[in-house]
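Residue numbers (full-length UniProt numbering): 1 to 349.
Don't read these hints as lab results, they were simulated from the structure. Do not take every clue at face value.
Subject to a maximum C-alpha distance of 20 Å in a straight line, what follows is the list of computed EDC-like cross-link-like pairs (lysine to aspartate or glutamate) [said to hold, decoys possible]:
#, residue 1, residue 2
1, Lys312, Glu268
2, Lys312, Asp299
3, Lys242, Asp304
4, Lys312, Glu323
5, Lys121, Glu16
6, Lys242, Glu344
7, Lys312, Glu344
8, Lys121, Glu305
9, Lys121, Glu13
10, Lys312, Glu349
11, Lys242, Glu305
12, Lys242, Glu268
13, Lys139, Asp106
14, Lys242, Asp299
15, Lys242, Glu261
16, Lys242, Asp278
Simulated restraints, written as ranges between beta carbons of each label pair [what the hints assert, rightly or not]:
#, residue 1, residue 2, range
17, Ser190, Ala227, 29 to 37 Å
18, Ala203, Asp278, 39 to 47 Å
19, Gln309, Asn197, 54 to 62 Å
20, Phe346, Ala104, 24 to 32 Å
21, Val135, Phe346, 54 to 62 Å
22, Pro331, Gln214, 35 to 43 Å
23, Ala203, Gly105, 42 to 50 Å
24, Ala185, Ser301, 26 to 34 Å
25, Leu178, Gln280, 51 to 59 Å
26, Val174, Gln309, 40 to 48 Å
27, Leu179, Pro308, 42 to 50 Å
28, Val3, Gly110, 22 to 30 Å
Built from N, CA and C at the ideal position, the CB exists for glycine as well.
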Amino acid sequence: MIVCAQCGERNAEGAEFCGSCGTYLEWEPKPAQQPVLHQPVQHQSGQHQPVPYQSGQHQSVPYQPGQHQPGPEPQQPGAMQPTTERQAPAGHQPRLTERRAAQAGDLICGQCGEANPPVRKFCARCGSGLVEARVVAEKWWRRIFPKREPAKAGTRHRRRGSAGRAIGRVVRWVLAILLLAGIGAYGLISPFRQAVNGQAVSAANTVRNWFSEQVLPVRPSQVTASASIADHGPDLVADNAKNTYWAAPAQPLPALVFTFEAPVTLNEAIFQIGIGEDFQTALRPHQLHLVYSTGGTFDLSLADEPGPQTVKVQNAGGVQRVEMYIVSTYPSLQGTDVAISEIEFFTVE
Numbered sequence: 001m002i003v004c005a006q007c008g009e010r011n012a013e014g015a016e017f018c019g020s021c022g023t024y025l026e027w028e029p030k031p032a033q034q035p036v037l038h039q040p041v042q043h044q045s046g047q048h049q050p051v052p053y054q055s056g057q058h059q060s061v062p063y064q065p066g067q068h069q070p071g072p073e074p075q076q077p078g079a080m081q082p083t084t085e086r087q088a089p090a091g092h093q094p095r096l097t098e099r100r101a102a103q104a105g106d107l108i109c110g111q112c113g114e115a116n117p118p119v120r121k122f123c124a125r126c127g128s129g130l131v132e133a134r135v136v137a138e139k140w141w142r143r144i145f146p147k148r149e150p151a152k153a154g155t156r157h158r159r160r161g162s163a164g165r166a167i168g169r170v171v172r173w174v175l176a177i178l179l180l181a182g183i184g185a186y187g188l189i190s191p192f193r194q195a196v197n198g199q200a201v202s203a204a205n206t207v208r209n210w211f212s213e214q215v216l217p218v219r220p221s222q223v224t225a226s227a228s229i230a231d232h233g234p235d236l237v238a239d240n241a242k243n244t245y246w247a248a249p250a251q252p253l254p255a256l257v258f259t260f261e262a263p264v265t266l267n268e269a270i271f272q273i274g275i276g277e278d279f280q281t282a283l284r285p286h287q288l289h290l291v292y293s294t295g296g297t298f299d300l301s302l303a304d305e306p307g308p309q310t311v312k313v314q315n316a317g318g319v320q321r322v323e324m325y326i327v328s329t330y331p332s333l334q335g336t337d338v339a340i341s342e343i344e345f346f347t348v349e
């Protein structure tokens, strides 16, 4: 830990500049040398210890009471020999520190590319400001799968009690029994098998329709009705002519039956209800209930519009017969019969 002498910020080892104020973190100062003290000369009472004579020094004379002892003569400074010029201390040399591995949230210095912790304001390597530094983004998979925090000290994982294990065992047994019962019913009960097959075919066709947009018309080989009025039989509902129509008394509500030569998958249908230009002179079907030869059913609603309207048909995979029951009708201004000008079925390949 390096403490900045300017602001007191604590910096990590290896940092060259303070993260708070940007001051260069100098090396620790060397301790100053202590001056060498000379040992005092020991004196005896009334005597002076002579100092050995050294060349160029004044020899001391024993002191006599009543006499004045002269001091050393002043010396003139001698000439100085020329010496080499003292070199100035070298400038700052950057230390070779280990680069920090970039982590999410780090600040990348724009001058030297050093990765700095997000709490720093100045680069730890070159001292540049980090106001406009690039922030290291978190990895995409870490955003989706966040890092799991380790368990706190003193805690341990809770284990599921005996009651939870018993409930899980019961649920598994129930699912196993239902699966076996479904397999047995599929093999032994024919209507159930046909319904499952129809649902499977319909689901497969639905998935196939997602990748195909080629719509083809499907023509019924026969059309019958529970009731009809004269000159407006059920075959006129599928003759591809808009100036003809099927009509029947509204009470009880009638039904149409469409039969195809081979099993087909129905995806769409086009309805044109009422009587052509005399749209409101007859009752128009509102809600319809479809029953398929596979056992499946489907309900749909029609808008009270004079022109053609396209509706989606569901659950109609692998059907050979469609029974269409009129459940409700729109009111009429004149007649009491229900009328449909045209019905067309389509499949997708």
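Do the hints match the structure? See the list:
no., hint, result
1, Lys312 - Glu268, "5 Å, holds"
2, Lys312 - Asp299, "10 Å, holds"
3, Lys242 - Asp304, "17 Å, holds"
4, Lys312 - Glu323, "16 Å, holds"
5, Lys121 - Glu16, "13 Å, holds"
6, Lys242 - Glu344, "12 Å, holds"
7, Lys312 - Glu344, "12 Å, holds"
8, Lys121 - Glu305, "71 Å, violated"
9, Lys121 - Glu13, "17 Å, holds"
10, Lys312 - Glu349, "15 Å, holds"
11, Lys242 - Glu305, "14 Å, holds"
12, Lys242 - Glu268, "19 Å, holds"
13, Lys139 - Asp106, "13 Å, holds"
14, Lys242 - Asp299, "25 Å, violated"
15, Lys242 - Glu261, "24 Å, violated"
16, Lys242 - Asp278, "12 Å, holds"
17, Ser190 - Ala227: 29 to 37 Å, "31 Å, holds"
18, Ala203 - Asp278: 39 to 47 Å, "42 Å, holds"
19, Gln309 - Asn197: 54 to 62 Å, "31 Å, violated"
20, Phe346 - Ala104: 24 to 32 Å, "55 Å, violated"
21, Val135 - Phe346: 54 to 62 Å, "57 Å, holds"
22, Pro331 - Gln214: 35 to 43 Å, "39 Å, holds"
23, Ala203 - Gly105: 42 to 50 Å, "48 Å, holds"
24, Ala185 - Ser301: 26 to 34 Å, "33 Å, holds"
25, Leu178 - Gln280: 51 to 59 Å, "52 Å, holds"
26, Val174 - Gln309: 40 to 48 Å, "46 Å, holds"
27, Leu179 - Pro308: 42 to 50 Å, "46 Å, holds"
28, Val3 - Gly110: 22 to 30 Å, "27 Å, holds"
The structure fails to meet hints 8, 14, 15, 19 and 20 from the earlier list, while all remaining hints are met.
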